[in-house]
Amino acid sequence: MHRTGDLFGQYQTLEQQKDSATLGMWLFLVTEVLFFGGMFLTYTINRSTYPIAFAWGSNTLDITLGTVNTAVLILSSLTMAMAVWSAQTDKKRLVTGFLIATLILGCVFLGIKFVEYSQKYEHHLIPGHNFDLSYHTEGPEGAAKLQEAFRQDPGLTAHTQLYVSLYFAMTGLHALHMIVGAGLVFWLILQSMKGRFSRSYNTPVEIIGLYWHFVDIVWIFLYPLLYLIDRHLK
Amino acid sequence: MPRVHYLNATYGIRSWLLTTDHKRIALLYLAVVTFFFTLGGIFAAMIRIHLLTPEGALVSPETYNKLFTMHGVAMVFFFLIPSIPAILGNFLIPMMIGAKDVAFPKLNLMSWYIYVLGGCFVLYSFFTGGLDTGWTFYTPLSSIYSNSAVTPAVIGIFINGFSSILTGVNFVVTIHTMRAPGMTWFRLPLFVWSHYATSLIFILGTPVIAITLLLCGVERIFHFGFFNPAMGGDPILFQHLFWFYSHPAVYIMILPAMGVISEIIPTFARRPIFGYSFIAASSIGIAVIGFLVWAHHMFVTGQATYSALAFSFLSYLVAIPSAVKVFNWTATLYKGSISYDTPMLYALGFIGLFTIGGLTGLFLACLGLDIHIHDTYFVIAHFHYIMVGGAIMGYLGGLHFWWPKITGRLYPEFLARIAAIVLFLGFNLTFFPQFILGYLGMPRRYHNYPPEFQVLNVLSSAGASILAIGYLLPMIYFVWSMRYGQVAGPNPWPATGLEWRTASPPPTENFEHTPVVDWETYDFVNRPDLGLATKPAPHLAPSHEDD
Numbered sequence: 001m002h003r004t005g006d007l008f009g010q011y012q013t014l015e016q017q018k019d020s021a022t023l024g025m026w027l028f029l030v031t032e033v034l035f036f037g038g039m040f041l042t043y044t045i046n047r048s049t050y051p052i053a054f055a056w057g058s059n060t061l062d063i064t065l066g067t068v069n070t071a072v073l074i075l076s077s078l079t080m081a082m083a084v085w086s087a088q089t090d091k092k093r094l095v096t097g098f099l100i101a102t103l104i105l106g107c108v109f110l111g112i113k114f115v116e117y118s119q120k121y122e123h124h125l126i127p128g129h130n131f132d133l134s135y136h137t138e139g140p141e142g143a144a145k146l147q148e149a150f151r152q153d154p155g156l157t158a159h160t161q162l163y164v165s166l167y168f169a170m171t172g173l174h175a176l177h178m179i180v181g182a183g184l185v186f187w188l189i190l191q192s193m194k195g196r197f198s199r200s201y202n203t204p205v206e207i208i209g210l211y212w213h214f215v216d217i218v219w220i221f222l223y224p225l226l227y228l229i230d231r232h233l234k
Numbered sequence: 001m002p003r004v005h006y007l008n009a010t011y012g013i014r015s016w017l018l019t020t021d022h023k024r025i026a027l028l029y030l031a032v033v034t035f036f037f038t039l040g041g042i043f044a045a046m047i048r049i050h051l052l053t054p055e056g057a058l059v060s061p062e063t064y065n066k067l068f069t070m071h072g073v074a075m076v077f078f079f080l081i082p083s084i085p086a087i088l089g090n091f092l093i094p095m096m097i098g099a100k101d102v103a104f105p106k107l108n109l110m111s112w113y114i115y116v117l118g119g120c121f122v123l124y125s126f127f128t129g130g131l132d133t134g135w136t137f138y139t140p141l142s143s144i145y146s147n148s149a150v151t152p153a154v155i156g157i158f159i160n161g162f163s164s165i166l167t168g169v170n171f172v173v174t175i176h177t178m179r180a181p182g183m184t185w186f187r188l189p190l191f192v193w194s195h196y197a198t199s200l201i202f203i204l205g206t207p208v209i210a211i212t213l214l215l216c217g218v219e220r221i222f223h224f225g226f227f228n229p230a231m232g233g234d235p236i237l238f239q240h241l242f243w244f245y246s247h248p249a250v251y252i253m254i255l256p257a258m259g260v261i262s263e264i265i266p267t268f269a270r271r272p273i274f275g276y277s278f279i280a281a282s283s284i285g286i287a288v289i290g291f292l293v294w295a296h297h298m299f300v301t302g303q304a305t306y307s308a309l310a311f312s313f314l315s316y317l318v319a320i321p322s323a324v325k326v327f328n329w330t331a332t333l334y335k336g337s338i339s340y341d342t343p344m345l346y347a348l349g350f351i352g353l354f355t356i357g358g359l360t361g362l363f364l365a366c367l368g369l370d371i372h373i374h375d376t377y378f379v380i381a382h383f384h385y386i387m388v389g390g391a392i393m394g395y396l397g398g399l400h401f402w403w404p405k406i407t408g409r410l411y412p413e414f415l416a417r418i419a420a421i422v423l424f425l426g427f428n429l430t431f432f433p434q435f436i437l438g439y440l441g442m443p444r445r446y447h448n449y450p451p452e453f454q455v456l457n458v459l460s461s462a463g464a465s466i467l468a469i470g471y472l473l474p475m476i477y478f479v480w481s482m483r484y485g486q487v488a489g490p491n492p493w494p495a496t497g498l499e500w501r502t503a504s505p506p507p508t509e510n511f512e513h514t515p516v517v518d519w520e521t522y523d524f525v526n527r528p529d530l531g532l533a534t535k536p537a538p539h540l541a542p543s544h545e546d547d
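For the record, the sequence lines run as chains A and B.
All letters in the first sequence, in the order written, are residues 1 to 234 by the numbering used here.
All letters in the second sequence, in the order written, are residues 1 to 547 by the numbering used here.
Only chain A is shown next, with the shape it has when bound in the complex (with noise of 0.2 Å):
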């Protein structure tokens, strides 16, 4: 199909285009919510299933570092949608920096996380041989709530294993979006830098705008879900 300008040949109009790109887009997302969806069905029976192990593994996480990332990916959301509403206002050179921005939170994100995971393999959190619940309990209190929890959860190792699997599945799922949506952002600002992006056409920062806040709310669950559901039991 041949391309005239901005039009491409399958279509008729510049609006018909834009209409079948986004509802094209919210399709996508449908089909995300459910991908996401099967692993937060995991999460939920698991966490009622074993409610002390996971308590457990929810302490083991970075507080702060999580905090901080949501923080961070809010933030990105925010200069994205300020990129579209630039887009569509014509002004040019602010779509190019707020992409520039997202690109830079988003990368944020993705370092904060790098440093998460090491320190989860430096504490022995790693499911495996090697997996060990002694990190956060050190001391004669460390250790007797240890005791405690293993009177009440025989299986605490195991369970807080399927904690931890289920944290770097659900966490690395998202990290591969996030590296998948950085590769977008990347591709649209070398677009904007030619001057592609005006108020007649779009689209492709508003759809991978839509992308970008997709891949934040699932994280806006995540975080809840992993950092701070049963914090105090602490």
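FYI, nobody ran anything at the bench for these hints, they're computed from the structure.
None of these values were measured; they are calculated from a predicted model.
Beta carbons: idealized from backbone N, C-alpha and C, even for Gly.
A couple of the hints might just be wrong.
[Unchecked claim] Derived pair list, reagent style DMTMM-like, types lysine to aspartate or glutamate, alpha-carbon separation capped at 25 Å:
| id | chain 1 | residue 1 | chain 2 | residue 2 |
| --- | --- | --- | --- | --- |
| 1 | B | Lys106 | A | Asp19 |
| 2 | A | Lys145 | A | Asp230 |
| 3 | B | Lys335 | A | Asp6 |
| 4 | B | Lys106 | A | Asp230 |
| 5 | A | Lys18 | B | Glu509 |
[To be verified] Now the in silico label distances, taken between C-beta atoms and shown as ranges:
| id | chain 1 | residue 1 | chain 2 | residue 2 | range |
| --- | --- | --- | --- | --- | --- |
| 6 | A | Lys92 | B | Gly12 | 35 to 43 Å |
| 7 | A | Ser200 | B | Arg483 | 31 to 39 Å |
| 8 | A | His124 | B | Leu440 | 55 to 63 Å |
| 9 | B | Phe35 | A | Ala81 | 33 to 41 Å |
| 10 | B | Ala310 | A | Phe221 | 26 to 34 Å |
| 11 | B | Gly302 | A | Trp187 | 49 to 57 Å |
| 12 | A | Trp187 | B | Phe222 | 29 to 37 Å |
Fit chain B to the given chain A structure using the hints.
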């Protein structure tokens, strides 16, 4: 034949592998889908040869496990699911709604590449150790204990899922935004409605199987414990997640076939379809209810009695929209001017076989009876009546019906009718004995059986050899007809759809001018362009009895 059409507009292997034309992509799918069908068929043939004798005639028990698994995986994920949507749906939906192409042509091509990539992983698994978990991949066998090449297979099916998802997104958007002027929702051919319903299942179901198999693969690679009871995980959770997709997937296979039948029946009965809106709504109804019945595969897992009751009831409920279709097709035939061309033979075969398959599904939805026939050959016979008797009959019927549009040439009619009849007989001989075997208690997936079951097994294997001839014949004469078939002309049947109002084969842009639709669908009376007798048939003429 037109001088320039989509097949000869450009030449060379690049022009095919980089095409964004939905018609060419459909043919790319046709090639790979046929390959997987043949592969799955060879596995099936080996299974039937093996079961000729009670102790097993051909392979070791381990190899037998691999054969039925690889038969299932090749057929379900790489033949049945993509067959009608990705080939006929891809080719026809844009033409049926009067569009130049699907909404996202590049995405369409990407879907094919994703499908091929997934296929490569699965083939790698098949030929480097095979796969012995059953196509259902139940954990913890698949995630821990199996020594076969589960990981590449799971990755392949995971990748392949995105081909389905993207095709579904493409179809839904295309149907929403690409319709020609005058092509209202209730003028859409029922083929399009059934693909809309199918696409909804692609969109809502496929991501769930994707994540489930991903978790299964991750568990296998990193020894996570999601589905491993030894680590506190839950193998039943896997079954719930698996069937949440895989039961609706049954409707992915049958709904498009129903769409094909809804096109063939009015064409060869020369009557508008009876109860258009009911058939359209029943497609959506099947897709919706189909999502609420998955746990009927798990009646013997010890699930709660009340939840089993609910799932049993909901499973019965699916029978209603399915029966609406069967009754409406039959009512369309009533007083029609029926001609028994090959597509019609397949359609009539479909109605009969689908009815048997559907009714035996009700046996299985019955809680008490299911305990007796669960995991027996009764189940095998039931779903092969739906998938082979239903989906493949619909697929072959559709392929014959639209072959003149795809290639511009007719297949040899006499030979094709013979093939259709051979297929029908071979199919029934293969699978009807399996109902009896299952009822008598022969379990599925066993490499041997008690000697008293031999007669029925030999009958089934004999039927399979006849069935194989029925499949080989079309493969041969379709290829033959591409060069030597009679030139078809734009509308050989004649049929009423928009796709028949352009040349055969169509030009790359489908239509010379964007069509404007000002007639109702399946209307044979007010369509002088069809070249039928202008005087309406007596039963269609306005009644004067009340004058």
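- Query: Could one say that the CB atoms of Ser200 (chain A) and Arg483 (chain B) fall in the range 31 to 39 Å?
  - Reply: Because 49 Å falls outside the window, the suggested range is violated.
- Gly302 (chain B) paired with Trp187 (chain A), Cβ distance criterion 49 to 57 Å: Given a distance of about 51 Å, which is inside 49 to 57 Å, the answer is holds.
- Message: Between the alpha carbons of Lys145 (chain A) and Asp230 (chain A), is the straight-line distance 25 Å or under?
- Response: holds (15 Å)
- Query: Is the straight-line distance between the alpha-carbon of Lys106 (chain B) and that of Asp230 (chain A) 25 Å or less?
  - Reply: violated (47 Å)
- Query: CA of Lys18 (chain A) to CA of Glu509 (chain B), is that 25 Å or under?
  - Reply: Answer holds: Lys18 (chain A) to Glu509 (chain B) is near 21 Å, not above 25 Å.
- Mind checking the hinted window 35 to 43 Å against the Cβ distance between Lys92 (chain A) and Gly12 (chain B)? Between Lys92 (chain A) and Gly12 (chain B), where Cβ atoms are some 40 Å apart, the hint holds.
- Query: So does Phe35 (chain B) sit 33 to 41 Å from Ala81 (chain A), Cβ to Cβ?
  - Reply: violated (47 Å)
- Message: Taking 26 to 34 Å as the stated bounds, is the beta-carbon spacing between Ala310 (chain B) and Phe221 (chain A) within them?
- Response: This hint holds: roughly 28 Å between Cβ atoms.
- Query: In this structure, is the beta-carbon distance linking Trp187 (chain A) and Phe222 (chain B) contained in 29 to 37 Å?
  - Reply: Given a distance of about 32 Å, which is inside 29 to 37 Å, the answer is holds.
- Item | Pair hint Lys335 (chain B) and Asp6 (chain A), alpha-carbon separation not exceeding 25 Å | At roughly 53 Å apart (the allowed maximum being 25 Å), Asp6 (chain A) and Lys335 (chain B) break the hint.
- Task: Just tell me: holds or violated, for the beta carbon distance of His124 (chain A) and Leu440 (chain B) against 55 to 63 Å?
- Result: Hint holds: Cβ distance 56 Å, inside 55 to 63 Å.
- Message: Would the hint linking Lys106 (chain B) and Asp19 (chain A) be met if the CA-CA limit is 25 Å?
- Response: holds (17 Å)
Comparing the model with each earlier hint shows violations of hints 3, 4, 7, 9; every other hint is respected.
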